[in-house]
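Keeping the supplied structure of chain A fixed, place chain B with the ligands upon it in accordance with the hints.
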Amino acid sequence: MTDNIKFVQGNEACVEGALYAGIDFYAGYPITPSTEVAELLSKRLPEKGGKFIQMEDEIASMCAIIGASLTGHKVMTATSGPGFSLKQEALGYACMAEIPCVIVNVQRGGPSTGNPTHVSQGDINQARWGTHGDHAIIALTASNHQDVFEVTVDAFNLAETYRTPVILLFDEVVGHMREKLVIPEKGEIPLVDRLRTSVRKGVDYHPYLPREDGRLPMSDFGGEHRYNVTGLFHDMWGFPSNNHQVVRELLHHLVDKIENNVHSITRYKEHYLEGAEYILISYGSSARSAIHMAKNRRERGEKVGVLELQSIWPFPEAMVREKCAGAKAVIVVEMNMGQVMKEVKACVDDSSKVFLANRIDNKLITPTNIKTLLRMIQGRGV
Amino acid sequence: MAIKDYIRQRYFPQMWCPGCGHGIILNALLRAVDEMGLDKNNIVMTSGIGCSARISGYVDFHSLHTLHGRALAFATGVKLSKPELTLLVPMGDGDALAIGGNHFIHAARRNIDMTAIVMNNRIYGMTGGQYSPLSGPGKKATTAPYTTIDNDFDVVKLSIAAGASFVARSTAYHVLECIDILKKAIEHKGFSVVEILSQCPTHYGRKNKEGDASQMLEFQKNTTAKLGSKALEQDPTLIPRGVFVDIDAPEYCQEYDRIVERAMKGSQNQIHKFDKTLRDEANQTCPKP
Ligand SMILES: Cc1ncc(C[n+]2csc(CCOP(=O)(O)OP(=O)(O)O)c2C)c(N)n1
Ligand code: SF4
Ligand SMILES: [Mg+2]
Numbered sequence: 001m002t003d004n005i006k007f008v009q010g011n012e013a014c015v016e017g018a019l020y021a022g023i024d025f026y027a028g029y030p031i032t033p034s035t036e037v038a039e040l041l042s043k044r045l046p047e048k049g050g051k052f053i054q055m056e057d058e059i060a061s062m063c064a065i066i067g068a069s070l071t072g073h074k075v076m077t078a079t080s081g082p083g084f085s086l087k088q089e090a091l092g093y094a095c096m097a098e099i100p101c102v103i104v105n106v107q108r109g110g111p112s113t114g115n116p117t118h119v120s121q122g123d124i125n126q127a128r129w130g131t132h133g134d135h136a137i138i139a140l141t142a143s144n145h146q147d148v149f150e151v152t153v154d155a156f157n158l159a160e161t162y163r164t165p166v167i168l169l170f171d172e173v174v175g176h177m178r179e180k181l182v183i184p185e186k187g188e189i190p191l192v193d194r195l196r197t198s199v200r201k202g203v204d205y206h207p208y209l210p211r212e213d214g215r216l217p218m219s220d221f222g223g224e225h226r227y228n229v230t231g232l233f234h235d236m237w238g239f240p241s242n243n244h245q246v247v248r249e250l251l252h253h254l255v256d257k258i259e260n261n262v263h264s265i266t267r268y269k270e271h272y273l274e275g276a277e278y279i280l281i282s283y284g285s286s287a288r289s290a291i292h293m294a295k296n297r298r299e300r301g302e303k304v305g306v307l308e309l310q311s312i313w314p315f316p317e318a319m320v321r322e323k324c325a326g327a328k329a330v331i332v333v334e335m336n337m338g339q340v341m342k343e344v345k346a347c348v349d350d351s352s353k354v355f356l357a358n359r360i361d362n363k364l365i366t367p368t369n370i371k372t373l374l375r376m377i378q379g380r381g382v
Numbered sequence: 383m384a385i386k387d388y389i390r391q392r393y394f395p396q397m398w399c400p401g402c403g404h405g406i407i408l409n410a411l412l413r414a415v416d417e418m419g420l421d422k423n424n425i426v427m428t429s430g431i432g433c434s435a436r437i438s439g440y441v442d443f444h445s446l447h448t449l450h451g452r453a454l455a456f457a458t459g460v461k462l463s464k465p466e467l468t469l470l471v472p473m474g475d476g477d478a479l480a481i482g483g484n485h486f487i488h489a490a491r492r493n494i495d496m497t498a499i500v501m502n503n504r505i506y507g508m509t510g511g512q513y514s515p516l517s518g519p520g521k522k523a524t525t526a527p528y529t530t531i532d533n534d535f536d537v538v539k540l541s542i543a544a545g546a547s548f549v550a551r552s553t554a555y556h557v558l559e560c561i562d563i564l565k566k567a568i569e570h571k572g573f574s575v576v577e578i579l580s581q582c583p584t585h586y587g588r589k590n591k592e593g594d595a596s597q598m599l600e601f602q603k604n605t606t607a608k609l610g611s612k613a614l615e616q617d618p619t620l621i622p623r624g625v626f627v628d629i630d631a632p633e634y635c636q637e638y639d640r641i642v643e644r645a646m647k648g649s650q651n652q653i654h655k656f657d658k659t660l661r662d663e664a665n666q667t668c669p670k671p
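Protein chains in written order, with my numbering: chain A, 1 to 382; chain B, 383 to 671.
A few chain A residues facing chain B, derived, Cβ under 7 Å:
#1 Ala-60
#2 Gly-67
#3 Thr-230
Derived from the structure by calculation, the hints contain no laboratory data. Where is the CB? At the ideal position from N, CA and C, for every residue including glycine.
The shape of chain A in the complex, shown without the other chains:
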């Protein structure tokens, strides 16, 4: 059978990944370059008995998916820059109330309305700190459609595992470009289903009392256990509390459940990294140019390799430090003013050997752009 091989846009690969992961509810508001996600799901979701709704704005969309997650469904919304800004308050709510959900941000040029139809990777820090207050977040990304599919499935799995919103940071080039996608057979990629409580009817269920392994089994709205969900600091019953110990413990729980599991959340790929003297760190569409450049250099015998990040938050500090330990120089290739570069500088042994190869004019960075910088670092003529 060949009907599982498709030629699709990245946004469609994301939709296929979401369907594979078992999405049953989507709420969104159209915005370039993410709109195809909504369009495709408006057709595909009802075909499997799922629900699609176009809300009045991105705030409402984010709120609606949280509501639908609480009835026991796998949920997603997709947007871009301005819409991602609008979602931030409710995204923080999902962190605080520990609601599994997936938020796709197909990045475009910003700030403000910026450049709707062109590429950028400027929302890296917004994904981390867009909502107010201390919190932890998971953000994944991908540079090709097979990986878009896989990290989308991953995003749903991580959302369920850690009871948290997971952000998918794609970009305009990946979202709109077309390439081959092979949809894996059912079961090929394991899926994480909602962890539901085994507490029976009539026995006290504590919705916010973590198990020994830190996980919090859920109970669907409409089920036997009636409990309170709030964005206020809350006790194990889900009821508002301003007890100092409750506040401190909850905040620690929210951050630790993710930061203490960086190793299991970390996703990355190595391209020609073996013995590399010059390491390019990149992600999303800019990684494609980095990989292309490294391949060409390797063919000419130069030791250049790429460390492609697929999880940006929590930042995989230990992994990056280890991989970069022996490099003569580390070049971060990205389409912003150095948002990931700052993270890399903060975690490698010698930050003076970290350089930035970027473009911020809403055009895809090219292999030549990267090579120009490499040559300067090497002290060789351009």
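For chain B with the ligands alone, coordinates are given in the frame of chain A:
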């Protein structure tokens, strides 16, 4: 059942000031639910942020205390994903019609089956007495030391224009009428709006010299009149109470179910078509023995 069977006694005493109208509305709502004999497991209450919004913590339903203004958006996700649930959405006047105004008119436009209750005390109670879009002109508030110049919304007219299929108004003073109206609103299939005039003696009452809670309740009695009553006919400046709209109109979740039915049929047809093509091809390429 007794009213205390519908509340979470663990969370009492409640946080409302003595004389606050919100407690009366909670009482009316629970009596309506009790008289209707609804199963608590089938009820979800979503609320936003405000003194009024704290109501969801006190009730023994599934409760979702959300963000300022967004209760209806959360409720839409709950309802559409599980239409068999009964959604109760109490909101403050600022919550429902300032920050949440857009969600309010769009939920009404969709005619999605839920009961929106506007607990209208004409002030921002929780943040300490700032004016709201329902204060109206000439009122005093902590942010209107020279009195307000903003016009107010008429919740009833706004809801009707936006497409709500059940629209009613009552007051905290008319608590028996409230119970009756709330029952009808919950029973109604579609988007129901019940505006209930409430009192905030702590802020609105003090600033506007309307007296204590009992005087404010008296005010609700004296400034309103039943729809179709003689009093209203004689004095059209009175605020009308009663059910203004109660119509049958296509409900959002039911309409969506029909979309699902059509889509599922469509995808089945495609699968059949695909199977047939395969069969035809097989027939062509494999000569039968
Ligand atoms: C986004 C946001 N803006 C502002 C606030 C602050 N705030 C909390 S409650 C409230 C107004 C409450 O007034 P109302 O909705 O009328 O409810 P009441 O307290 O009068 O019952 C405001 C402005 C908030 N919590 N969130
Ligand atoms: S401040 Fe006003 S609205 Fe809030 S509890 Fe007190 S009386 Fe009620
Ligand atoms: Mg108010």
